[in-house]
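As a plain string of letters, each chain reads:
Number of protein chains: 4
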Amino acid sequence: MGKVLMKGNEVIAEAAVHVGCKYFFGYPITPQSELVAYMARRLPGVGGIFLQAESEIAAINMVYGAASTGVRVMTSSSSPGFSLKQEGISYLVGAELPAVICNIVRGGPGLGNIQPAQSDYFQVTKGGGHGDYNIPVLAPASLQEIVELTEDAFDIADRYRTPVILMGDGMLGQMMEPVEFKERSEREKPEKAWATTGTRGDGGPRIITSLELDAEGLEKRNWSLQQKFALIKENEVRYESYQTEDADYIMVAFGTVARITMNAINKARKNGIKVGLIRPISLWPFPEKPFIETRDQVKAYISVEMSAGQMIEDVRLAVNGHAPVDFYGRTGGVVPTQEEIYEKIITIAGGVSV
Amino acid sequence: MGKVLMKGNEVIAEAAVHVGCKYFFGYPITPQSELVAYMARRLPGVGGIFLQAESEIAAINMVYGAASTGVRVMTSSSSPGFSLKQEGISYLVGAELPAVICNIVRGGPGLGNIQPAQSDYFQVTKGGGHGDYNIPVLAPASLQEIVELTEDAFDIADRYRTPVILMGDGMLGQMMEPVEFKERSEREKPEKAWATTGTRGDGGPRIITSLELDAEGLEKRNWSLQQKFALIKENEVRYESYQTEDADYIMVAFGTVARITMNAINKARKNGIKVGLIRPISLWPFPEKPFIETRDQVKAYISVEMSAGQMIEDVRLAVNGHAPVDFYGRTGGVVPTQEEIYEKIITIAGGVSV
Amino acid sequence: MGKVLMKGNEVIAEAAVHVGCKYFFGYPITPQSELVAYMARRLPGVGGIFLQAESEIAAINMVYGAASTGVRVMTSSSSPGFSLKQEGISYLVGAELPAVICNIVRGGPGLGNIQPAQSDYFQVTKGGGHGDYNIPVLAPASLQEIVELTEDAFDIADRYRTPVILMGDGMLGQMMEPVEFKERSEREKPEKAWATTGTRGDGGPRIITSLELDAEGLEKRNWSLQQKFALIKENEVRYESYQTEDADYIMVAFGTVARITMNAINKARKNGIKVGLIRPISLWPFPEKPFIETRDQVKAYISVEMSAGQMIEDVRLAVNGHAPVDFYGRTGGVVPTQEEIYEKIITIAGGVSV
Amino acid sequence: MGKVLMKGNEVIAEAAVHVGCKYFFGYPITPQSELVAYMARRLPGVGGIFLQAESEIAAINMVYGAASTGVRVMTSSSSPGFSLKQEGISYLVGAELPAVICNIVRGGPGLGNIQPAQSDYFQVTKGGGHGDYNIPVLAPASLQEIVELTEDAFDIADRYRTPVILMGDGMLGQMMEPVEFKERSEREKPEKAWATTGTRGDGGPRIITSLELDAEGLEKRNWSLQQKFALIKENEVRYESYQTEDADYIMVAFGTVARITMNAINKARKNGIKVGLIRPISLWPFPEKPFIETRDQVKAYISVEMSAGQMIEDVRLAVNGHAPVDFYGRTGGVVPTQEEIYEKIITIAGGVSV
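Chains as they are written, first to last, in our numbering: chain A, 387 to 740; chain B, 387 to 740; chain C, 387 to 740; chain D, 387 to 740.
Some clues are possibly wrong.
Just so you know, same-sequence chains aren't split out, so a pair can sit in one copy or run between any two.
Think about it this way: if two alpha-carbon atoms lie no more than 20 Å apart in a straight line, the pair counts; the simulated SDA-like pairs of lysine to any residue are [unchecked claim]: (1) 619 with 695; (2) 614 with 709; (3) 393 with 534; (4) 568 with 530; (5) 408 with 430; (6) 606 with 500; (7) 606 with 722; (8) 614 with 695; (9) 653 with 441; (10) 408 with 436; (11) 389 with 400.
Keep in mind that the hints were calculated from the coordinates and are not lab data.
Chain A with its partners taken away, still in its complex shape (with noise of 0.2 Å):
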């Protein structure tokens, strides 16, 4: 259909229709509340269900039902409206469910406000909810990958009967470019011999569930999910590295902030800074190899977040000694800008600003 322009928020809507989602259950709230909106105006015209629940905590819970009958679904918040679903999505991975799940971070903690944040990324990246578990979370950059990303989120999902995050922050949500639905050739979808469609004789009830009261039994269920998070390690990490092969020093940002990163890079690099840029694509598995095989030759890796310092632990994790780790951030709903972190590169370079 070519390229069109559309708001970050509703490029995710339209890429979920894209490959099959018709199940959207949401409660609006700033800044994503264009997401919901769309998928209430879009999905009666696919035969599809959009309701809007009477709180997050009900959403949630449809996309467990709706999950457990084998459909594609999705749900949608910020920041606060996030916090509201852990109960849920801690059920949706005990019971081994598929859904996707968006987090269009704001600025935090409590309500804080509706300006763009990363502030969750421990929230969706350790387990917001109560147990042993780990969930796939994408970040999209732009809006073309956000078309590719949650198209690739729903197969994640099926393939590993797992709920997937997508979090992007408001800016990304409110932002308008052209993107491109191509034709794809999906990834094979499994059966879901699983799912709970009503019992027609075939080998009676199938049941759904997070309940297992015996300790045995529980322990059997989690060891099983930690070898499903051992694979989706081994096969699901995602990066870009740019201009890592030479550099000194490297910057580490995902988002919209790997974006302005980039600038600073490109402006750095012409003033003869060797600078580069590993862009963590899935925050969850994070993406250790490009860490491993640049730790030894960098002077120094720089966090740049729009947080206080959160994805600096799985930084420091990676390269876990072999070099030191710096940090750069704004909070609150601040957006850091090109020129502060060119300059803060200039600093850790021991260069001097122009």
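We have chain A already, so just place chains B, C and D on it with the hints.
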């Protein structure tokens, strides 16, 4: 009043009352319901208020309300119920309200079961809620320590205007031990000039909120929060070191698991293996010092957890590549035995189990 | 489609669909759950929406929302659930919204039981909700009559912009009889120029509300409502008279009780007692005419109810002192038998039971 | 304590406290919020509990819980909020629980407005909830009468194990008059041997419920309720007759409307028109006696209401065709003036207004 034989959950409740907590809002969930029940009986007698809320979400928001008036207030739950409180917890942080929140962890994820676990480690230490924040987390290993840490929790909460989490597991909540509620010289209680106790012509309304629509303003608040977190990291780290001076191997464990591990260590020592223990008492701030002091001398650290491997990340961050970090864990409500841990020590030490 | 054997609850549902009702919001409660279940299966197939709401209160407010857009919409409940809808029903009246609400009455008060009853007569006819209002109430006595009255209910709702209540009892809901859904010449459907279907530059927003802060304004609306009620009283009275022409005694009964009473009358007639029946079909407006026509000739009226005596007030108001009004009733889910009613006739008639 | 100048809503609250009501559960709604606010301040001081519930439905169910323990308890609302309580009220009746429920009526139906009205007459007297039941309803006309009737309401509730409704209008709730809370010789308080105050080996658990699955059993309970209602009708009828002995015309009015009507009557008397007043104080049981005593002598009754004509039905039932019954009403929050009512008298009396 001398020693009394009590259940862990009840000890938490009585210790809270002992330091002046008269307000409790909660919702029952196994394995912490005795705490709720104890408060229901106890608080009316001290002129306090116990209220069983209509949900965990209501309870945490009632805590927000009560804390805003400057009184000492508590809530309590177990893993799934604790997940439901994540939004509210982030609000408490954002509004800088003192409160004590108890999580008696059970097997997860999802409904899981009602057996003991530590698998909410990430949730309590890395921020289960949204936004940049940290919360002091105290993890007692005995009932007498529950008394001390519960009482300290309220002092820390007041001193720094922050929620404090008490993290236990179902075993600790259910076990009975004799405890004593001693007279204590409290830390100096700060005056709560910020509390919304009604205007009486004394300077206009006081406002408790986590809302700050202006990005610059919210960032300012966030850096101020970060300074507070830094101060807590400086002042409130707690841990116990056991036979680490000459240790070749150091086990790391907290809560009830630390008690079991200590027994395994004793047995290993008897068999000539030089093994020690670092027991984090504050999970956040995580005690880095005992690792820094030992990391260049030991052959390995072993994180022993009732989870699939969560605290190990904090151990690795503290060790920072100076030594290998190994792991032994049980999940889903299975409690590791002394024997298992001893076997693990033997295996790591390359020795032969007897 | 010829005759089909169906359950009463299902007949209501199918009849609603037959006249274009595509939207149903409800919450299950015995003895009307088959209606909800039928709609859940049926509506998706006609491009409609079935939603099981989180409560009866949510359901009636969803009806308010849907009705505001001009579509035909229905909800259904049984006594306790119907009580929960009283605020919403008053709002529908105040905002002049067409909708059909079904009450399959069970034994009360309180939880009561799930047996058939008519003891919500006052609630449906005198206004269970607040404010001055009346609602047309239709009470079918057979499954074929359910078809006709359900279909008419939607026409009446649209014609007068008013909620309409279908009142049945558990027996009627559960019984099976062959029914036919005939082609029908609908009443002229009024155009819904008031419906909030979105502004398209066609004259500004339409507002649906029951709020009118100004007392004079609200009184004006109220007298306008009263005029509408007067019009309904003029046009929509329905009843059946059976052997009343020469009757010395007239039984008054509605719904399934009327069927049983008719059998008792037939038996009494065989034994020479001149007894007839007035069967109100519309409970509001209550049929006064057949009473006015007979009240100076009969020796007594006997109101036969599955309640402790509620309709008897409307009978007394219609008779207005011209003749004695007696009562026979069973409550709490007990259905009066033909024999009991026959005995009552004998007693009143001063005769001797055979 | 002598005379105090208070607002009507506050008088209700203070009178309740005066007779030992220590428990109040409510939700604010204009025009009765002062009652809620007064209780919030007042009850802690008498060792009671005030709780602002999360909704009207929660409040009435909390009343159910508190009443089950035998304490004196109250809730309060205004029209829309009162509608929300209908299920709970029916449960109180079914479980035979004493409680006082206040409805300060405002203009309806629906949201209506916050002006005074009496249009919930049917709702309170005919049973807004489901099932066969009656509830004593007291309608004071002055603030001093509020004191007496509120205090009596608790006595009646305890004596008959029944909820009692206090019905006022917004004008009565908002007006200020001096009142006195006198020492009173209470009716003998029945012992509450049925209250669920905990088992102490004194004869097994007590059960409070409105559930009775067996139809015969529920019918038995219902007739027992009906006997109680008959007893209340015998003992608890209250009314005031004013100049009815020689009256050609009798006005019927309650609450504040009765006060205004009395002034109009005085003026009519001065102009030689023989007119009197029957003021029902108990709306249920409705006072039939003063009508039976006068109905063969008067030329007409005129029901004067702040509604579109509701009490008139009870007047007609009491008059039973012996005399014409006319009506004068204002609705939607409009309060009839003395002049209007006087004009109505003149018109009816065929006289000439001066």
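Against the structure, the hints come out as follows:
Taking the shortest alpha-carbon separations for residue 619 and residue 695, only the inter-copy value of 15 Å comes in at or below 20 Å, while the best intra-copy value is 23 Å. In the homo-oligomer, the alpha carbons of residue 614 and residue 709 never lie at most 20 Å apart, since the shortest distance is 31 Å inside one protomer and 28 Å across protomers. Proximity of residue 393 and residue 534 under a CA criterion of 20 Å is satisfied intra-copy only: 15 Å inside one chain copy versus 51 Å between copies. In this homomeric assembly, residue 568 and residue 530 come within 20 Å of each other (Cα to Cα) only inside a single copy, at 10 Å, whereas the closest approach across copies is 55 Å.
In this assembly of identical chains, the alpha carbons of residue 408 and residue 430 lie at most 20 Å apart whether taken from the same copy (9 Å) or from different copies (14 Å). In the homo-oligomer, the alpha carbons of residue 606 and residue 500 lie at most 20 Å apart only across protomers (16 Å), although the nearest pairing inside one protomer, at 42 Å, exceeds that limit. Within a single copy, residue 606 and residue 722 get their C-alpha atoms only as close as 46 Å, which misses the 20 Å cut-off; across copies the closest is 15 Å, which meets it. Proximity of residue 614 to residue 695 under the C-alpha cut-off of 20 Å is restricted to the inter-copy arrangement: shortest distance 15 Å between copies versus 29 Å within a copy.
In this homomeric assembly, residue 653 and residue 441 never come within 20 Å of each other (Cα to Cα): the closest approach is 46 Å inside a single copy and 54 Å across copies. Taking identical chains as interchangeable, the C-alpha atoms of residue 408 and residue 436 lie at most 20 Å apart whether they share a chain (8 Å) or sit on different chains (16 Å). Proximity of residue 389 and residue 400 under a CA criterion of 20 Å is satisfied intra-copy only: 13 Å inside one chain copy versus 47 Å between copies.
When the structure is compared with the earlier hints, violations turn up for hints 2 and 9 and for no others.
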